[in-house]
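Colleague: Dock chain B against the given chain A, drawing on the hints supplied.
As they're listed, the protein sequences go chains A and B.
Residue 208 in this note's numbering sits at position 208 of the first sequence; the count goes up by one each step and never skips.
Residue 361 in this note's numbering sits at position 361 of the second sequence; the count goes up by one each step and never skips.
Since the hints were derived computationally from the structure, they do not count as laboratory data.
Watch out, some of these pointers could steer you wrong.
[As the list claims (entries may be wrong)] In silico negatives: residues of chain A with every beta carbon more than 12 Å from chain B:
#, residue
1, Gly-54
2, Met-65
3, Gly-122
4, Asp-366
[What the hints assert, rightly or not] DMTMM-like cross-link-like pairs, simulated, lysine to aspartate or glutamate; straight-line CA separation at most 25 Å:
#, chain 1, residue 1, chain 2, residue 2
5, A, Lys-403, A, Glu-272
6, A, Lys-389, B, Glu-373
7, A, Lys-162, B, Asp-380
8, A, Lys-186, A, Glu-217
All residues carry an ideal CB built from backbone N, CA and C; glycine is no exception.
Number of protein chains: 2
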Amino acid sequence: MQRTLFFLFLVLFTHLSQSQEYTSDSVFIRTLFDESLTQGKAYEDLRSLCKDIGARLSGSAEAAMAVEWSKQKMESYGFDRVYLQKVMVPHWERGTKEAGWFKGNDQQLHKIPLLALGGSIGTNGLIEGELVLFHSREELLAAKRKDIEGKIVFVNQPMDSKLITTFNAYGGCYPIRGYSAIDASKLGAKAVIIRSLSLSNHPHPHTGTMQYEEGVEKIPAAAISTQDADMLAEFILDQKKTIFLLDMNCQQLEDKLSYNVIGELQGITSPEQIITFGGHLDSWDVGEGAHDDGAGVIHSLESLRLLKELDYRPQHTLRVVFFMNEENGNMGGKTYAKQAKLNGEQHIAAVESDRGGFSPRGFSCDGTADQLEMIKGFKDLLLPYELHKFEKGYGGVDIGPLKDEFEGIPLFGFVPDSQRYFDFHHNENDVFENVNKRELELGAASMAAFIFLLDKSL
Amino acid sequence: MQRTLFFLFLVLFTHLSQSQEYTSDSVFIRTLFDESLTQGKAYEDLRSLCKDIGARLSGSAEAAMAVEWSKQKMESYGFDRVYLQKVMVPHWERGTKEAGWFKGNDQQLHKIPLLALGGSIGTNGLIEGELVLFHSREELLAAKRKDIEGKIVFVNQPMDSKLITTFNAYGGCYPIRGYSAIDASKLGAKAVIIRSLSLSNHPHPHTGTMQYEEGVEKIPAAAISTQDADMLAEFILDQKKTIFLLDMNCQQLEDKLSYNVIGELQGITSPEQIITFGGHLDSWDVGEGAHDDGAGVIHSLESLRLLKELDYRPQHTLRVVFFMNEENGNMGGKTYAKQAKLNGEQHIAAVESDRGGFSPRGFSCDGTADQLEMIKGFKDLLLPYELHKFEKGYGGVDIGPLKDEFEGIPLFGFVPDSQRYFDFHHNENDVFENVNKRELELGAASMAAFIFLLDKSL
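The following block holds chain A by itself, in its conformation from the complex (with noise of 0.2 Å):
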């Protein structure tokens, strides 16, 4: 009898502690959230990363201020620890600004903007040569050579407006960004140009990172607007022959030396256990990189200022890291990755958040079922913020080069709404103005929230 009114005491308790432990969580992460959202310093430090310095192309001046302005910026919330980490990033200047034109039968010339894709060799003054456009890159890939030899490739394949998570549409595009250099280059093409990867109709071409393959000639590429490519397949199909001339002077430079910018809540009880969450410091050279990934930085950031702010004793040590170098090389992903791993140090679980300011809608978990379930876990005590989302899913670009040095350890992405994403991704509206302050407080409270959700719950 004893012993089972002893069991129902015990049950009773841990009970009522668990239901005690909910509530605190619960009203801690309401305090989060209050003070993101009528304090907080996310939309001031965002205006300043953009404002201040600006677009932060890996191996620019910016890129150099930007790291400068962060290691202040985090010694200014007096984290326990604030230190630069070395990174050898590629260093890819655009030059002048670009110059397109194309003509048809009349011979008259048509200016039209456009961007050199990241990594592109220059043309070495003006070149020219006819237009041949695809629809697809497949359609490429089954060209004949004798039809494009000596030409300039057109890729026109829009992303899939259909698909409801747009990352999904980009993905679809994205080989034809990274490899119609090469596609083209293999049939003798003298240049290519692509539609930009973007769900809307606009005016601003966007940029990103390309490939070369060992072994197979490099040649220009370039990014039009989705507006302007939709206008010249429709040109191109009127004419005998549609010329299109190019000139642009970027170049690859020496690689740079530069930093990861990483600041420290040490642990309680384990503090050589490591918690990393972050995003990328550097962004392409066109609008300011706000939501890719100024937001992204700016939410670690505040999480890790919120929680210090409001007194959190983590039971592990909590990480913030701006990486550096993301859009072109991941040097400061892997670089991280490496002296992590060479350290000899124990990293138990990464965030990153790197896919725009927008209002929340969840985590994602590459690892196993069990990790899975335990930010399933999570849920009912931020469905009150409206993140329902909570699903398998990609890490981050920058987190994922710790998979390759710690087995097992689970990788989880910030979520938020993403369909208004690649109307400014990469291209010169990804500015301060295009991000609203409620929402990337929202994110910023939710990532502080999860970060301490999973520092309780590893």
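Modeller: Structure of chain B alone, referenced to chain A:
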């Protein structure tokens, strides 16, 4: 044994046919979204409503044009029946643009942009008075007559940014706009100025409806922007006395004849049973009424167009209604419900979209537990489109009066993401350019899918 086999067969058959139905529903909903996202008319229709018609306050020339535009549009989509329903609406006009100034100790004048609240009387020439600051409606209600008499009251209560659903924050401040002219007049004030109901800090004053009370002297009421409200509140603290000067010649004119615009697809099995869905065609007279409620009427129009386009044959009669005069009187909603009762119509459900053209989140239901359970049953089919909220909540202002005439009728509200709504609401930023194409199209498809499921479930 045979009986057991029979029941087993019955269970299996029911299960199979249910799962087949689920599959075919799911395929049809997918088609609705595909059609909306690739061949949708919503975005172009909204552009035309905003740019070819513009803002459309009840009684204005634009409102009359909007009625014509809507009827033509519905006819062009070939609905079974398109007609107008007479509605007498209030007719308030802003007149010459309002002007306001303030001055402090040094008597230097500072101009301040303001908007008369909808329904306010004019000032009958330039008036001036000492400005008295209150931080909340409660503070004003507790004030003494001697501190207010002959002065101008300024209520500077910000919306509560901590509330995740921004409509709750709006609800908290709504009485300030609605009743401050009454509250202040009872204490002898000569005019009232309020802080605009917006969650962001920007320079655009908003407008919106306000009340007078029988037997209480009418005084002019206007709003200044959130940015200016902060500035002015700070200014007042530094001065011995702040004088506010105000000139408005807005006026209430004779009621005017206007119309609800109605389109129908006839039901096959129960044509006498009607499902109403819509938004309001009128808007305030600043901006273009793009989110409020251009998006809502376009969601509704596009829903019926999509269902017709995809050859859906409804069980019940599906009726889209563009209500007139939601903003300042709701005469469209009241007339519609009364007329429905007079005509002996059978109304079985109604759906409204009046929360902007943002990413879909779900639907609210004002009805019984069973009615709420019914829409929770739609969740599995709509979650792939990121609709996750199926909650007890408000239907909408326009459809509200149906509840009085048809006992137990369930009213549903479309729930998009609410974070940006009060950046645009009733101010000059509520323009077409601030509506995102995909978000609008996803909203329209969500409405169509919801109406389809309602039609099948009722």
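Colleague: Could you run down the list of hints and mark each one as holding or not?
Modeller: Okay, the hints, checked on the actual structure:
1. Every CB of chain B lies more than 12 Å from the CB of A/Gly-54, the least distance being 23 Å, so the non-interface label holds.
2. Against chain B, the non-interface label of A/Met-65 holds: every CB pair exceeds 12 Å, the least being about 27 Å.
3. At the 12 Å boundary, the C-beta of A/Gly-122 stays outside the reach of chain B, the nearest C-beta of that chain being 35 Å off.
4. Every Cβ of chain B is farther than 12 Å from the Cβ of A/Asp-366; the closest lies at roughly 20 Å, confirming the non-interface assignment.
5. Proposed proximity of A/Lys-403 and A/Glu-272 is supported: the alpha carbons are some 18 Å apart, at most 25 Å.
6. Distance restraint check for A/Lys-389 and B/Glu-373: the Cα-Cα separation of roughly 21 Å lies within the 25 Å cut-off, and the hinted pair is therefore satisfied.
7. Distance check on the hinted pair: A/Lys-162 and B/Asp-380 sit about 19 Å apart at the alpha-carbon level, within 25 Å; holds.
8. Restraint check: the Cα-Cα separation between A/Lys-186 and A/Glu-217 comes to about 8 Å, which is no more than 25 Å; the hinted pair holds.
Of the numbered hints listed earlier, not one is contradicted by the structure.
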